[in-house]
Amino acid sequence: MKAETIAEIEALLMASHGLSISEIMSISQKKRNEILEILDKIEETYSKEDHGIELKNVAGKYSFFTKASYIEAVSKVKKRSISEMTQSQMEVLAIIAFNQPITLKEMERFRGSSSSNQARELISLGLIRRRRDKEKKGNPYVYVTTENFLKILGVSDLSSLKEEKDFENSKVSQNVRNSVKEES
Amino acid sequence: MKAETIAEIEALLMASHGLSISEIMSISQKKRNEILEILDKIEETYSKEDHGIELKNVAGKYSFFTKASYIEAVSKVKKRSISEMTQSQMEVLAIIAFNQPITLKEMERFRGSSSSNQARELISLGLIRRRRDKEKKGNPYVYVTTENFLKILGVSDLSSLKEEKDFENSKVSQNVRNSVKEES
Amino acid sequence: MEIQLHSGQFEGSLDLLLFLVRKHKMNPLDLKISEITDEFIEYVKEIEKIDIEVTSDFILMAATLMEIKSRILLSPSKETIEKQEEIAKQLYEYAIVKESAKKIEALCDWHSKELGVSVFPFETQEKNGMIPESFTKVLRVIRKEMDLRKKIYRISKDVYSFSKKMETIKTFMLKRKRASINEILSMSNDRLELVVSFVTILELLRLKFLLIDSNDEVILSEGGNNC
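Residue numbers (this note's numbering), protein chains in the order written: chain A, -7 to 176; chain B, -7 to 176; chain C, 5 to 231.
Isolated chain A (complex conformation) (with noise of 0.2 Å):
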């Protein structure tokens, strides 16, 4: 088992979040025997007490997570970059909420900038998702909300979010205002 064949495998797995082991055949030109040796090597070292991420199979694709212990600590970065979102990333956001399923070009055009870093980040903050759109030519992705979204949102569903009133009554809206309060 050479050196420079776990690493490969290592940062394949990190920049993909999650691959199947055929996968990481076809671009690793590897065995699966080699492949799963070395993925268990992989999960030794990371299993050890000073690592804070670990490797797992979730529904047959390996990838990376943070350890269950270290969740508290975690969700602070989380949670904090919801509430510390930009304007670029709110003005996506919004734009993905009345506009779904939108592809990335469509995002571009109306906000006449570059989008992708801003999508990046709210789909790591769990506010939006990508999919392929199987009805539109060349199945391109598109993002739509989650259902997170409505729930941080304090709204029922997306209509209600063309309702201005609705929103702004909303319970959740107060606790925002609230925690921007403390903030400041």
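These are computed hints drawn from the structure, not numbers from a lab.
It is possible that part of the hints are untrue.
[Said to hold, decoys possible] Stretches of chain A that chain B covers, calculated by requiring three or more beta carbons in the stretch to come under 8 Å of a beta carbon on chain B:
| # | region |
| --- | --- |
| 1 | 3 to 14 |
| 2 | 40 to 47 |
| 3 | 50 to 59 |
We put the beta carbon where it would ideally sit given N, CA and C, even for glycine.
Please arrange chains B and C on chain A, whose structure you already have, making use of the hints.
Leaving out everything else, chains B and C in the frame of chain A:
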């Protein structure tokens, strides 16, 4: 240095898209020095050849990147973004990077030719920005590099760039003199 | 001398000067203008043939070099030497700029091979962070912008064309026989459509498809069916 503390900070860095020292301090409730030590330790661990990722300080934020040597495999699972720049844009960027804040006139003196087109292109690439210099007479426009500039270079800050090449540094100037000779 | 050039080969006069200095294995700081002026001028002549737009900078430099060269050959005054040194210094700084640009390019190229990675927390727990209050404002702005664009879109879709509006009002009046002007106008979605509707009513009155009665209502004329 407790193993759990190292693991926790690793988990934090992995879950985020980069954290500054002060962000890590406020989440982990650890002192700056301890965090710096831990970051060193993590950096060392991942620098070994059986790891395919590495810890880097880019624009003041610590985060993990796949190692450049695995780009061929990694680019099969994740899109690589390359910013295409012309030679003259690179020159203008270098002048601004090492002499900011700098006016268009001063830039042109360095290059001996007009640089306004290049500056405009660099602004639209998000690598530099223009502002009024309130300290100079007549508040002229001056140009400075952006955080995005540090991000595409993968360096922590401007000073780390200067270490590599300082206009005033005689040793480097000597190198340049030599390199000028060598190339001819 | 055979010079082969392609358009945009030299970024400017300093770039050409630096090229010649290197060609002559000279140190930029020890620039000997008299040794390269002739060649510089040869190059500028070639550049002029392929790149008309950018030549003024080259020609200005050529003139400066010629002046310094002639003075140095005649009687090198302190002033002339200083002028040469000044150009040498500028050239030297430009050499550093070129080196720095290469360095920056190399860093960019290297870092483009390093891709940022992140992992998900294992339990996809509810991310109950608060959306900033200003999001309400952003929603409002985006909605306004969308409405605005929809209108523009409709105009481009030709909904406001007079002929279409005429058909609509005709169909409406054939069915209704009588209606108030306000009623017809109120079918408009915005001001532009309102104007189009109004002008169309006037046109239909002119064509005597419609008549106006004493209650300020429009009625279908008797011959309207044949219009």
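Per the coverage rule (Cβ-Cβ under 8 Å, at least three residues), is the region 3 to 14 of chain A covered by chain B?
-> holds (count 6)
Within the assertion that chain B covers the region 40 to 47 of chain A, do at least three residues meet a Cβ-to-Cβ distance smaller than 8 Å?
-> holds (count 6)
Coverage of the region 50 to 59 of chain A by chain B (three or more Cβ within 8 Å) = holds (count 3)
The structure meets every hint from the earlier list without exception.
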